[in-house]
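Student: Quick note on the working numbering: the sequence shown kicks off at 1 and runs consecutively.
Hints were generated in silico from the structure; no laboratory data involved.
Using N, Cα and C, we set each Cβ at its ideal position, and we do this for glycine too.
Worth double-checking, as some hints may not be accurate.
To be verified - Below, a list of computed lysine to any residue pairs in the SDA-like style, where the Cα atoms sit at most 25 Å apart:
hint: 1; residue 1: K97; residue 2: K174
hint: 2; residue 1: K97; residue 2: I145
hint: 3; residue 1: K174; residue 2: L133
hint: 4; residue 1: K97; residue 2: I124
Stated by the list, open to error - Now the in silico label distances, taken between C-beta atoms and shown as ranges:
hint: 5; residue 1: D132; residue 2: T35; range: 39 to 47 Å
hint: 6; residue 1: I85; residue 2: P36; range: 43 to 51 Å
hint: 7; residue 1: A185; residue 2: R155; range: 29 to 37 Å
hint: 8; residue 1: G17; residue 2: V69; range: 18 to 26 Å
hint: 9; residue 1: V131; residue 2: V74; range: 36 to 44 Å
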Amino acid sequence: MPHQTRDKHRLAGLSQGLLALGLLLLWCLLWGSFTPLTIITGILVSLGVSFTFYLPGVELSGRVNPWRVIVFFVVLGWDILRASIQIAWLAFAPSFKPGNAIVGIPLNTRSDLIMSWTSTAISIVPGSIVVDLDRSGSILYVHVIDVHSEEDIQRFIQEVLDTERRLVLAIGSKAEVVRVNEQHALARGRKNR
Numbered sequence: 001m002p003h004q005t006r007d008k009h010r011l012a013g014l015s016q017g018l019l020a021l022g023l024l025l026l027w028c029l030l031w032g033s034f035t036p037l038t039i040i041t042g043i044l045v046s047l048g049v050s051f052t053f054y055l056p057g058v059e060l061s062g063r064v065n066p067w068r069v070i071v072f073f074v075v076l077g078w079d080i081l082r083a084s085i086q087i088a089w090l091a092f093a094p095s096f097k098p099g100n101a102i103v104g105i106p107l108n109t110r111s112d113l114i115m116s117w118t119s120t121a122i123s124i125v126p127g128s129i130v131v132d133l134d135r136s137g138s139i140l141y142v143h144v145i146d147v148h149s150e151e152d153i154q155r156f157i158q159e160v161l162d163t164e165r166r167l168v169l170a171i172g173s174k175a176e177v178v179r180v181n182e183q184h185a186l187a188r189g190r191k192n193r
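Work out the full structure, taking the sequences as your base and the hints as a guide.
Tutor: If you want it as C-alpha cells, here you go:
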C-alpha cells in the first residue's frame with residue numbers, strides 16, 4: 001500500500017475515532033453521568049451513529065497556532081459584544097430605518113472545516129446569519145441587517161474575510177495561510193488606492 005494511501009486511511013480513522021469520542025462525551029454529558037452503563041451505551045450509540053450516518057472525514061491541516069487561536073476567540077468575543085450593543089441600539093433607536101441584505105461572499109479557502117467554522121462564527125455574531133453555503137464554489141450567503149449602502153456591504157464582506165483569515169492563520173494548512181495572506185494583501189492594496 002502506498003505511503004500516501006496509508007496516511008489517508010490513518011487520518012480517516014483518526015477523524016472517525018474523534019467523532020465517536022465526541023459523540024460519547026456528548027452522550028455522557030446529556031445523561032449527566034459517567035457511569036459504566038452510560039459509557040457502554042454511549043459507545044454503542046456513537047458507533048451506531050458513526051456507521052449509520054457515515055460522513056466523509058474532515059481533512060485536518062495538522063497545524064495549530066495557539067496564539068492565533070487565542071486571537072481568533074478574543075476577536076470573536078469582541079465582535080459578539082460590539083454587535084450585541086449595536087443590535088440593542090437599533091432596537092431602541094426611534095429613527096432606525098431597516099436595511100437588510102443577503103450577501104454572497106466568496107471565501108479564499110476550500111477547506112470544509114474552515115468554511116463551517118467561518119459560517120458558525122459569522123452566525124453567532126448578532127445581526128448576521130448564514131442562510132446558505134455553496135460548498136463547490138466556497139461561497140457563503142449571509143443575511144445581514146443594518147446595511148444601507150454598497151460601502152456597508154463591502155465593510156461586512158471584509159469582516160467575514162477577516163474572520164476566515166483569523167481561522168486559517170489559527171488552524172489552516174500552510175498553503176491556505178499563503179493564499180489568505182495574498183488575498184489580504186491584494187485587498188489592502190485596493191483599499192489604499
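Student: Hints first: check each against the structure and report whether it holds.
Tutor: Evaluated hints:
Annotation: proposed proximity of K97 to K174 is violated, straight-line Cα distance about 44 Å (limit 25 Å). For a cut-off of 25 Å, the pair hint linking K97 to I145 stands: about 10 Å separates their Cα positions. Only pairs whose Cα atoms come within 25 Å are accepted, and K174 paired with L133 is accepted, the gap being roughly 24 Å. Of the supplied pair hints, the one linking K97 and I124 holds, its CA atoms being roughly 23 Å apart against a limit of 25 Å.
At about 42 Å, the beta-carbon gap between D132 and T35 stays in the expected band of 39 to 47 Å. Roughly 48 Å separates the CB atoms of I85 and P36, a value that falls within the hinted 43 to 51 Å. Restraint check, A185 to R155: a C-beta distance of roughly 19 Å breaks the suggested window 29 to 37 Å. The supplied range of 18 to 26 Å is met by G17 and V69, whose beta-carbon atoms lie about 22 Å from each other.
Our hint of 36 to 44 Å for V131 and V74 is violated, since their Cβ atoms are close to 27 Å apart.
Going through the hint list in order, the structure does not satisfy hints 1, 7 and 9.
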